[in-house]
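Got chain F sorted already, so can you dock chain L onto it with the hints?
2 protein chains.
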Amino acid sequence: MGGRRVRGGRRRSRAVRGSEKPEVSALAALRDALGDIVDVSDETLESARADRSGHRSPGRPIAVVHARTVDDVQQTMRIATATRTPVVVRGAGTGLAGAANAGPGEIVLSTVRLNRVLEVRPDDLLAVVEPGILNADLNARLAEHGLWWAPDPASRDISTVGGNIATGAGGLLCAKYGVVRDAVLGVDLVLADGRLLHLGHRSVKGVTGLDLTSLVIGSEGTLGVVVGATLKLRRITSGDTCTLTALFPTVRAAAVGSAAITASGVQPAIMELMDAAALTAAHDLLDLPAPPVGASQLTIQTDGPAAAAEAESIAVTLRAAGGDVIVTTDRAEGERLLAIRRAMHPAMAALGTTLIEDIAVPRSALPEMFDEIARIEQIYGLAIPTVAHAGDGNLHPNFIFDGDEVPAVVWDAADELFRAAVRLGGTLTGEHGIGMLKSRWLADELGDDQWELQRQIKRVFDPLGILNPGKVFADA
Amino acid sequence: MGGRRVRGGRRRSRAVRGSEKPEVSALAALRDALGDIVDVSDETLESARADRSGHRSPGRPIAVVHARTVDDVQQTMRIATATRTPVVVRGAGTGLAGAANAGPGEIVLSTVRLNRVLEVRPDDLLAVVEPGILNADLNARLAEHGLWWAPDPASRDISTVGGNIATGAGGLLCAKYGVVRDAVLGVDLVLADGRLLHLGHRSVKGVTGLDLTSLVIGSEGTLGVVVGATLKLRRITSGDTCTLTALFPTVRAAAVGSAAITASGVQPAIMELMDAAALTAAHDLLDLPAPPVGASQLTIQTDGPAAAAEAESIAVTLRAAGGDVIVTTDRAEGERLLAIRRAMHPAMAALGTTLIEDIAVPRSALPEMFDEIARIEQIYGLAIPTVAHAGDGNLHPNFIFDGDEVPAVVWDAADELFRAAVRLGGTLTGEHGIGMLKSRWLADELGDDQWELQRQIKRVFDPLGILNPGKVFADA
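First to last, the sequence lines map onto chains F and L.
Just so we're aligned, residue 1 is where the first sequence starts under full-length UniProt numbering, counting upward by one.
Just so we're aligned, residue 1 is where the second sequence starts under full-length UniProt numbering, counting upward by one.
Don't read these hints as lab results, they were simulated from the structure.
Heads up, the beta-carbon is just placed ideally off N, CA and C, and yes, glycines get one too.
One side of the interface only, derived from the structure: several residues of chain L facing chain F at Cβ under 10 Å: (1) D124; (2) L210; (3) E310; (4) F473.
A few chain F residues that don't get close to chain L, going by computed Cβ distances all over 12 Å: (5) L34; (6) S41; (7) H55; (8) L288; (9) G294; (10) T328; (11) Q378.
Label pairs and their calculated CB-CB ranges: (12) F:Q378 x L:D39: 57 to 67 Å; (13) F:R113 x L:G265: 31 to 41 Å; (14) F:Q456 x L:A33: 25 to 35 Å; (15) F:S238 x L:D39: 56 to 66 Å; (16) F:G146 x L:E335: 27 to 37 Å; (17) F:G146 x L:E46: 54 to 64 Å; (18) F:T69 x L:D412: 37 to 47 Å.
Isolated chain F (complex conformation) (with noise of 0.2 Å):
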């Protein structure tokens, strides 16, 4: 495991040019190179030290360079290979594992002012667009068209495609409509060398070689800056939408019967839920009268035409796993029912600092994994009001806190949690990405083996090591 350290003493070693600083002459050559794209205000420096996880470097990087052009993105790669610079991609920061962090002696590569759509092909259900633009800004453009790109992550109006592709991001859809993976058919990656290389097709088929594309999507700016993307459309589904809420006792009553309409072949567009302690604060954030005590809820939206069919048929599902269930068809009433849920972040964020986690569970395991949950909050003295995408099995449970650093027994809890989820059958992390908060849980769940082979592959794209260092396959 002592391998794992390697990184950051090589970087120290490699500085060029002499006896000069490497992060003065990396500077002067951007400088030379892009003008005025290359920002070292305070603001920007100090903004670029952190994303939304609360997590901030222990500094400002060298510069953020605003790229415009692809060819900005290939000449700020050629001068930080020359000048074995590392570089961290940036899209709009709102990741929730400090995978966008940048800190002393990096470069910072924004990519939120290439935002262009440069086509959509209604006729191919495709789009061709730049990294920057924001997800919920490419959608208003598609339903134009009448179009639209499925990955729906929570922060969809603040985040952009390029760091949706980055995280492999997931949503509340994903269940029914599937996460980035399944949405993206090709990207244009530049290398850390200044490359530019064109992976995937615009065919919706292609087994040509191996699918870089997909190993791009969800590698956390370790592999190459991801300039363009073409993207696989759906139409906007017809028909009406039917929402329904159900109340239920506890929280594992809640969870066995969001498995109950998994395991009943019903598939709606969204399953949400929340615990006791979430739909509480939820409540009070928006001065809703409190529910009962103890109470958690599943909050659930079928679409498409056998919409009104599927929510009869969850309603008597949760009816007989014991659910106080509602059910309306009024577009305006389900998106009241779905505010609950969507208050979820700032109803958090009011009780403190917050870490978000996120890991998934095989579907069925969900009430198991809610006990295990309980029992960490018994352990530890803490709690944890829990969210869950109930359609796919994935859980943000929330660690609240005071200040800013992230008290060592949440970190122990976390450390609990990860264990708990990894033992019955699932994984880490669901949609949020390893970043550096997790980095050093990754190899416990991959093995030591896969974790070693993915850092090879790694250094195949990056022989340097100069692509986000210190994040995903860094030791703790």
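Chain L alone, transformed into the frame defined by chain F:
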């Protein structure tokens, strides 16, 4: 480009155990370790030389190992590594690109006896299987649970799940229900040196590290031996199916009709196009009355709760496009109509030796691709009967000739065909893979930089180059 010829030379220079011929020591070691699952019978060795592509290796391999357990696979790979002996992994041998063809000096590792269904979980919509089970046998087992593994290559009755994974197989239902890559959560992989890795997840979501599962899918035996797979299942679709046929005066008109359906936003489960030569040959084989001269046909099936409404909408679109449309909700009649499409392969085989090509283009480019095929037919004086999975832009042009050897003129025409597909934004293989038959065109599509990067990734998995050498990344 000269670098591409290295592997063969390297392999020959790595013979071990002094002056003994390497294949002798490999065979002896296999027999010592594995006993009578090491098969050197004439018939077995001879049959391992060819798949269903018609291509045959220059001679017999050393032995076929009929692995019954994962440990058998690991032992075989350890011996292969120790003796530097190339290994060709083989399922049912139904491939169409020569990827599983084995020749002199090679060990064949057959996974067909590794054919157990280890787990079926209706509650989690997943199954864990060994690679040797036939696709159709698996689906018969799953049907008992009301479940279904969606990938449906035309070979499904005779091809293994492991082979489907190795090629990243498609089929008729892909446009609506996805390809193999959309239906596999994880694979267990034995590396070249015999180590066993568990890649992927049991949960629907999971973004821990790089997506090696997707990398292995479609890798055609070049990265490791798939010894297990966790498959993502669907519930069997309930409700009606509707079947339509539409006869058009020209193949271009039929292609325009199919593109109009995609553009209209309706998603058929099946949408197949047969050109005039293909349709006539299938009618001949089935003793049906000859279709009108020059006529091409679309065969379409809709399913699910909106099947009838979708069929109605499709009929309107096709009639507007000049099609002569028949619609039926009768399942038996629907099967009779689809049987004409299913007769394609035997109909071609009745005409001579067949080289089945497998290009894919963006769906809007289907009409232009058929124009290109007509142009190539004229230039080379060949008939190229073509069937297409029109719903996803995947065409199978068939070259018919006499004898075992593909004539030079056919390769010349195929070369034109591949270049035309790539020029139209497509790919030289939609679902059959590269194998040995298309390796000489791979770099043309990928570009030299990506081709070399892919080769380096292969070396991470297989540093000695013993896994399926001469396939996929080989030079012509």
